[in-house]
Amino acid sequence: ELKVEQNPLFLSMQEGKNYTIYCNYSTTSDRLYWYRQDPGKSLESLFVLLSNGAVKQEGRLMASLDTKARLSTLHITAAVHDLSATYFCAVDAHNTDKLIFGTGTRLQVFP
Amino acid sequence: DAGVIQSPRHEVTEMGQEVTLRCKPISGHDYLFWYRQTMMRGLELLIYFNNNVPIDDSGMPEDRFSAKMPNASFSTLKIQPSEPRDSAVYFCASSLVVTGVASNEQFFGPGTRLTVL
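For the protein sequence lines, the chains are W and E, in the order given. At position 47 of the first sequence the residue is numbered 47 (the working numbering), and the sequence of numbers has no breaks. At position 38 of the second sequence the residue is numbered 1038 (the working numbering), and the sequence of numbers has no breaks.
One or more hints might be untrue.
Calculated lysine to aspartate or glutamate pairs in the EDC-like style (CA-CA distance at most 16 Å, straight line) [as the list claims (entries may be wrong)]:
#, chain 1, residue 1, chain 2, residue 2
1, E, 1068, E, 1030
2, W, 98, W, 1
3, E, 1078, E, 1063
4, E, 1068, E, 1083
5, W, 17, W, 82
6, E, 1068, E, 1057
7, W, 41, W, 66
8, W, 98, E, 1011
9, E, 1068, E, 1056
10, W, 56, W, 30
11, W, 98, E, 1014
12, E, 1078, E, 1014
13, W, 56, E, 1105
14, W, 98, E, 1057
15, E, 1078, E, 1011
16, W, 98, E, 1056
17, W, 98, W, 30
18, W, 98, E, 1105
19, W, 68, W, 30
20, W, 3, E, 1044
21, W, 3, W, 15
Just so you know, the hints here were simulated from the structure itself, not pulled from any lab data.
Take these sequences, add in the hints, and give me the full structure.
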């Protein structure tokens, strides 16, 4: 059974600092997705990573995928308050069209 | 495109009542997913459809839950009878799988916040 783990589960960081969120998964997959959820809102797609070595960047966020290590990272550069949200990674379950979501990382950026 | 549409956005009901949640996927999408989100259990996949056919309902918690997709533009999730432990946010999502394109990116609706008293 595919398991997706994120760490940390909760991250409190100061504005201007850098940090990385990790997403590990247990079985072979070469497709990984990152979503953002603001409090009381829905999930919004951030990045789609479709191959080993894929790297995507949007503003202060950069996501990468290492399928051999079964690891994706979401790197935050010079955090700002607007990045405060919960971030989920999700992995394609093998031979199905469904996604398995991680537990989420709640990010809080303070001044 | 209007995105995935869900109704109602909020529902408050009493234990034992029937609850029906509705979803309209993005036009042209061939997959539809129902999720439930709670603080305790996180985001759970309940059931998903491909071309209106249920593919995997292993996440449906019990017989009180049922889902239908009578056509490509409408799906319902019904709870009968409802219980307080069903209180959660229910999301509908849709996706389009294109031959030759590997992405299974899902697009989520705004959710229905259900409170069962």
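Outcome of the hint check:
Of the pairs offered as hints, the one joining residue 1068 of chain E and residue 1030 of chain E holds, with about 14 Å between alpha carbons and a cut-off of 16 Å not exceeded. At roughly 13 Å between alpha-carbon atoms, residue 98 of chain W and residue 1 of chain W fall within 16 Å of each other, so this suggested pair holds. With a C-alpha separation of about 10 Å, the suggested pair residue 1078 of chain E and residue 1063 of chain E falls inside the 16 Å cut-off, and the hint holds. Proposed proximity of residue 1068 of chain E and residue 1083 of chain E is contradicted: the alpha carbons are some 20 Å apart, above 16 Å.
For a cut-off of 16 Å, the pair hint linking residue 17 of chain W to residue 82 of chain W stands: about 14 Å separates their Cα positions. A hinted pair counts as satisfied when its Cα atoms are at most 16 Å apart, and residue 1068 of chain E with residue 1057 of chain E qualifies at roughly 11 Å. Proximity of residue 41 of chain W to residue 66 of chain W is assessed by CA-CA distance (about 30 Å); at most 16 Å being required, the pair is judged violated. Our distance criterion of 16 Å between C-alpha atoms is broken by residue 98 of chain W and residue 1011 of chain E, whose separation comes to about 27 Å.
For the hint linking residue 1068 of chain E to residue 1056 of chain E, the alpha-carbon distance of about 12 Å falls within 16 Å, and the restraint holds. Between residue 56 of chain W and residue 30 of chain W the CA atoms are separated by roughly 15 Å; this keeps the pair inside 16 Å, and the hint holds. Proposed proximity of residue 98 of chain W and residue 1014 of chain E is contradicted: the alpha carbons are some 33 Å apart, above 16 Å. A hinted pair counts as satisfied when its Cα atoms are at most 16 Å apart, and residue 1078 of chain E with residue 1014 of chain E qualifies at roughly 15 Å.
With a CA separation close to 15 Å, the supplied pair residue 56 of chain W and residue 1105 of chain E stays within the 16 Å bound. Proximity of residue 98 of chain W to residue 1057 of chain E is assessed by CA-CA distance (about 12 Å); at most 16 Å being required, the pair is judged to hold. For the proposed pair residue 1078 of chain E and residue 1011 of chain E, the alpha carbon gap of about 13 Å is at most 16 Å, so the pair holds. Between the alpha carbons of residue 98 of chain W and residue 1056 of chain E the distance comes to roughly 9 Å, so the proposed pair stays at or under 16 Å and holds.
Taking the CA atoms of residue 98 of chain W and residue 30 of chain W, the gap is near 14 Å; set against the 16 Å cutoff, the hint holds. Of the supplied pair hints, the one linking residue 98 of chain W and residue 1105 of chain E holds, its CA atoms being roughly 10 Å apart against a limit of 16 Å. Between residue 68 of chain W and residue 30 of chain W, the direct Cα distance comes to roughly 9 Å. Compliance with the 16 Å bound is thereby established for this hinted pair. Simply put, residue 3 of chain W and residue 1044 of chain E have alpha-carbon atoms about 13 Å apart, close enough for the 16 Å limit, and the pair holds.
Distance restraint check for residue 3 of chain W and residue 15 of chain W: the Cα-Cα separation of roughly 32 Å exceeds the 16 Å cut-off, and the hinted pair is therefore not satisfied.
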